[in-house]
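Visitor: Take a look at the letters that make up each chain.
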Amino acid sequence: MTRPTPRLAAAAPRMPADQRINSDLLRPLTETSWRFYALVAVFGGIVLAAIVAWLSQVTRGFGITGIRWPIYWGFYVTSFVFWIGISHAGTLISAILRLVNAGWRRPVTRCAEVITVFALMIGAMFPIVHLGRPWLAFWLFPYPSERMIWPNLRSPLVWDFFAINTYLTGSVLFLFLPMIPDFAVVRDKSTGRRHRIYRALALGWRGTPRQWHRLETAMQIMAIAIIPVAVSVHTIVSFDFSMAPVPMWQTTIFGPYFVAGAIFSGIAALLIAMAVLRRFLHLEDYLHPVHFENLGKLLLVMALLWGYFVFNERLVTYYGNKPAEMAVFWRTQRESFAPLYWTMVTGNFILPLLLMGIRRFRTITGCVIASIGVVVGMWLERFLIIVPALGHKYLPYSFAVYRPQPVEILIAGATFAAMTLLYVLFAKVVPIISIWELKAGAHVPSALVPPATQEHPLGELHL
Amino acid sequence: MDRRSFIKLTAVTGTSAALSGCGNPAAPLVRFVPDEDIMPGVAAWKPGVCPLCAAGCGLTVRVMDADADVVRNGQAGVVRILAAKKLEGGPMHPINQGGLCARGQAAIQVTYHPDRITQPLKRAGNRGDGRYEAISWDDALKEIVSRLDALEGVGNQKALAFVARHAYGHRAALVAQFLGRYGAPGPITYELFGDEVLRRANALSFGREQRPTFDLPNARFVLGFGADFLGTWNSPVAQGHGYGAMRQGRPGIRGAFVQVESRMSQTGANADEWVPARPGTEGVLALGLANVIIGAKLRPADAAGRAGSLIDGWSAGLSAYTPAEVERATGVAARRIERLARQFADTRPAVAIIGGPPLAHTNGLFSALAVNALNALVGSVEQPGGVFFTPQLDVVAAAKLQNVATTAPPPALDRFAAGILSAGAAPPQVLFIDGVNPVYAAPSAWRVREAFEKIPFIASFGSFLDDTSKLADLILPDHTFLESWSEAVPESGATIAVASVAPPVMSPLHQTRATADVLLDVGRRLRRPVALPWQTFDEMLAATFGALPKATPDADTWSDAQEKGGWWGTLPAGLAAAAAPAPAARPVTSAEPQFDGDPQQYPFHFLPYPSSAFLDGSLAHLPWLQEMPDPLTSAMWSSWVEVNPATATRLGIGQGDVVEIASAHGTVRTAAMISPGIAPDVLAMPVGQGHQTFTRYASGRGESPVPLLAPLTEPATGALAWAATRVRMSRVGDPDGRLILFAGGMREETETRR
Amino acid sequence: MPKWGMTADLDRCNGCGACVTACHAENNISTVGADEAARGRAKHWIRVERYWEGEFPDARLKFRPVMCQQCDNAPCEPVCPTYASHHTADGLNAQVYNRCIGTRYCANACPYNVRFFDFFNPSWDKPLHLQLNPDVSLREVGVMEKCTFCVQRIKAVTIQAKADDRPVADGEIQPACAQACPAQALVFGDLDDPESAVSRLSRSSRGSKLLEDLGTRPSVTYLDRQSRTDA
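From first to last, the protein sequence lines stand for chains A, B and C. For reference, each letter of the first sequence is one residue, going 1 to 463 in the working numbering. For reference, each letter of the second sequence is one residue, going 1 to 754 in the working numbering. For reference, each letter of the third sequence is one residue, going 1 to 231 in the working numbering.
For reference, chain A alone in the conformation it holds in the complex (with noise of 0.2 Å):
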């Protein structure tokens, strides 16, 4: 194979030898140091308050959140869209760029795809925790009970269930299967019960080329599939919104709205992902400011397709002049929730603009400061959908206002807590960087991998 030339090179970055991959990547998990015991141990306490404060929700009763009449969805429906949104950083990283063969995706693959799973996890509970009666959300489920009566298909809470279960099922394997390699690394260095688990989560792995050859063929099966379901799943959970006639709910535009910006929030929380283990797990030579300048870009690239959208959205909206849409409209944009809606704004548009477009500006800490604003911005982006058009419907006897109370902010708050535990202690058991495909991109793979994932360099065209 012809060596790569410069121009690829500056595309998928140098990295260091072999050996010294192996020991980096697997130090994490032979070595640990008390701040990871601090950080299991605040994090976790943050999730044991936040798992004792809905148990007492549900003893004590629903009313001690801040939902009222007739603002009936708040900081948990707003984290439950946030977090399903954040989700789709794997679903693009991984996905997509393994599609169209970016090499510069090796180091961030699966920091991305842990976050997918685990933001899904995180989304997924929601609907349970925000329900009246929980103990009876095995409802969701399409079983054949001695009533005779199933879940109702044209819900779009009932497609939630299916399309998140589906996509949890999808990102689980997207997630699973090329980490059996590393297991196999692993396996092969470790004792003991140690060993023990990690040959059976290598699942006979020996690195036969008929098994690479059928990694690869289910990798690219996966990849290919995980997209539309990540789009749809997205777009259900839109359709929650835009299916009810609620004024500034019911427009076309929230499906591929909701997607964009998704996406958009899921760059932005694998930037900060990876620049926080690059920090702490010492991985600078494995995560360059080129990996952090191109999703840089993307997260330009989405925070201008953000823009659009909702541009798009209020233009159409402002044009219409329905009443009730104005109500909101206006609400949003220049009465009471105006504070948010500009805070909003400036973290997803002005910020990641001036951070990502000045090329001056796109550093590894430019970077985490434009998605620890897309982060914030896409959150407030979420709540101002839900509640200003609740609290402001068309009955203005029946308008009210939403005060969150101590429950539902603790809730929302830890679900980042517990995202950060799950990352901490994924990255304590599972390399966080794929240690395979890292070596992958160095060594040009042999001429037994299928056609589709081989690196063309350019100025050959095998088509």
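Calculated directly from the structure, the hints in this document are not laboratory data. Some hints could be false.
Selected chain B positions facing chain A (Cβ under 10 Å, derived; list incomplete) [as the list claims (entries may be wrong)]: (1) Pro503; (2) Ser634; (3) Phe742; (4) Ala743; (5) Gly744; (6) Met746; (7) Arg747; (8) Glu748; (9) Glu749.
Here the structure is a predicted model, which is why all the values come from computation and not from measurement. For glycine and all other residues, C-beta sits at the position ideal for the given N, C-alpha and C.
Based on the hints, put chains B and C in the right spot on chain A.
Guide: Same frame as chain A, now just chains B and C:
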């Protein structure tokens, strides 16, 4: 979820096996044998009479089986009883004709109230502490009897005072008879929102000393002066029923309604035209209309007859009341006066209604006489679509009793209190309180509480501990209306005579006794017995109802009445309350209303008004009424003061801000409610909250405007001029959560056009 | 099969609120208390909306009783994941408390905001519980509740009529609100019977539906309040 404890709310099976599942095997639930024959699950409908206001609406009560927690012989247990479940308006009753107001619906909570006094109580601590111990009925009655005997022994029977709510009817007649035969003065009645001024005006104008009845279904033009006749005034359900018919009950004919007032009431909100006028000038406005009608020769002046002759200058055409003059006095434009006058005279039948704030001024009698004259002028007195007077049963005559000449007519409450507090006269020794709360509902300037505290012995018959009854030394709790014989002889609301009566709907829940029966019992036990011909109250009712005209020759009026919920029809002359004799009255000239408080220091007129939920505060203990959103403000569990928007802006007061209102007699702090329906120099505050003591639902809740009221009275009747107080207002602070509103927006336009 | 409907005559309604309390009494609606009412948890299945117009001295005020409109095209029905909100053959939107898991989607979808949530288990200070209507289920925490057109009364009369082998007479069924209203502003009946009072009133030229252009096809017709210049 512990469903078992949840289901316990509706049915208790009462076996210890079931209970061990509930986790309490040590105290098995005893099920007593029911006292009555009960078919489970089958509802029966029984007649009833609503006691909450003077209207006396007839009820039909749904009765079904229920399990009540009772204590029998010191043992707690459960017994199946027939329980009232729902109150509805009696469909055939001439007053309410099937309808029932929100308060009437909530009346059932009186019977089932958790803080009802369940047995006789004797004071255990200092007066006013609210500490009592239970005693038996025997002991309680012995105490009463000994006190009354003591007074009689020294010939001091007139030292017995009795404070009651003003009511016509059998109970009031019984009380009067008891007092009269005992030798005590007649009962002192006190109603904060009573209509003494209107009664006096009707006596003068029409010879009928009673509240008026309006034939709204046949009216084509209704002109209201301040009367909240669809909400809280006079006979609201009857009037509401009539209003509906007036508007849409006649194909092709819709009655018009104009309301004149300084603060938009719930009634005024329904007007086709709402006319704000300065407080206390409504009578002048009425005469301005009369001036135009007479001047334009739409009606001759003498058409107003006696009612017109009571107004000085009437026969000369009321030259002092030209539209220009009246505009100057009232603030209503002259052009508007002319137009309204013509519409009022040309649209027949037309009727004018005056009540509430206009009569609560020092010139209230004048205003009432003016409106009476206006009605007489357009020929709407005792004519279809006009004003009528309900023939009233003379209970004393029907019971074939003698009218007891009391030693002296009882004083009004303020003079009664003043008399006690003045060093001169000897105070009463014994005070009975029956169904009134004057400590709450009287202005603090009258010092009713101080006066009562000087009386050595106070007994209360009420079912609840309230601001007044907590001063009692002895409490003999009455049954509630569903548990005893209830009756009413309505003063207004129908054009035929009505006497409502209903047997007890259910057995008493607690160890209470009907006050009427207690009085009869006490009367028999006295050393010098009060000789009344009945053992129990229902015997008195049987006697009076038996005297009423029969529907058919062999009908039994008494049993018919018990089935129907009353008797109604035409009274023979001997049984109808007599018309008041024509007074030798001099024509009344208009007097400027007097207000208490210097206008510089106290720039606002203060308008306390009966709240839709609680009227004069006597219903604040009912939780449904506390939670019912006020019709105008949507407020629940709250007090507020209504402020004009421009005034609020001028004083920097925002919606919900805490403000302090001060008169020369008291201050109150409450939440401000910005309201477009009130004049800039008027502040209105609903009466009803602000009880210190009145069950768990009302104690310490909200604020009352009553303590601020100036002790100004209407000179002829002595009635409290409760709209005559001036106040000042200042902002105290930001909203503090005391104002609880159900509604969000106040206006329908969600957004202005851009 | 009857199709139940109501008319609300805004010219008769004077805002007294009798309907509100009557509904509480009939349907075992728990009183939530001052603190919870302040947090927006009061459950007034029927409410009398009031709207100001104009400014002093030309201020005007309108009343409008609003209850569940029992929409033919109810937006609350497709969105309920468990079929707790569904349409019956006689034109009612039924709320099955036992099937509700409390997602509250139906309440968000309802443009009239007539659906209420039980935020806590209801409680009645004894012996207020003796007043409870045995014909109406008590709702536990976490379920949605709303006006049912007093379905218990509909059922009771329908069953009795069937037992007596006769049709239900017009006006025989009266929801609690309609029965209490002193001004007889609320009329209930069978819209499929063209001669019933509710049908005749629904055809009035004063009649309109609330939020008609949302396409919910409510079963309640509001008869406009007239002004003096009208007939």
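Visitor: All the hints need checking, so say for each whether the structure fits it.
Guide: Cross-check of the supplied hints:
Interface hint at B:Pro503: violated, since its Cβ lies 42 Å from the closest Cβ of chain A, which is beyond the 10 Å cut-off. With its C-beta approaching chain A no nearer than about 7 Å, B:Ser634 sits inside the 10 Å limit, and its interface hint holds. About 8 Å separates the beta-carbon of B:Phe742 from the nearest beta-carbon of chain A, less than 10 Å, and the hint is met. Interface restraint check: B:Ala743 against chain A, minimum CB-CB distance 5 Å, threshold 10 Å, status holds.
With a cut of 10 Å, the hint placing B:Gly744 at the interface with chain A holds, because the nearest CB-to-CB distance is about 3 Å. Hint on B:Met746 holds. Least Cβ distance to chain A is approximately 7 Å, under the 10 Å limit. This hint holds: B:Arg747 has a C-beta 6 Å from the nearest C-beta of chain A, less than the 10 Å allowed. With a least beta-carbon distance of about 6 Å to chain A, the hint placing B:Glu748 at the interface is held under the 10 Å criterion.
Among the interface hints, the one on B:Glu749 holds; its C-beta lies about 8 Å from the nearest C-beta in chain A, closer than the 10 Å criterion.
Hint 1 alone, counting from the list given before, is not met by this structure.
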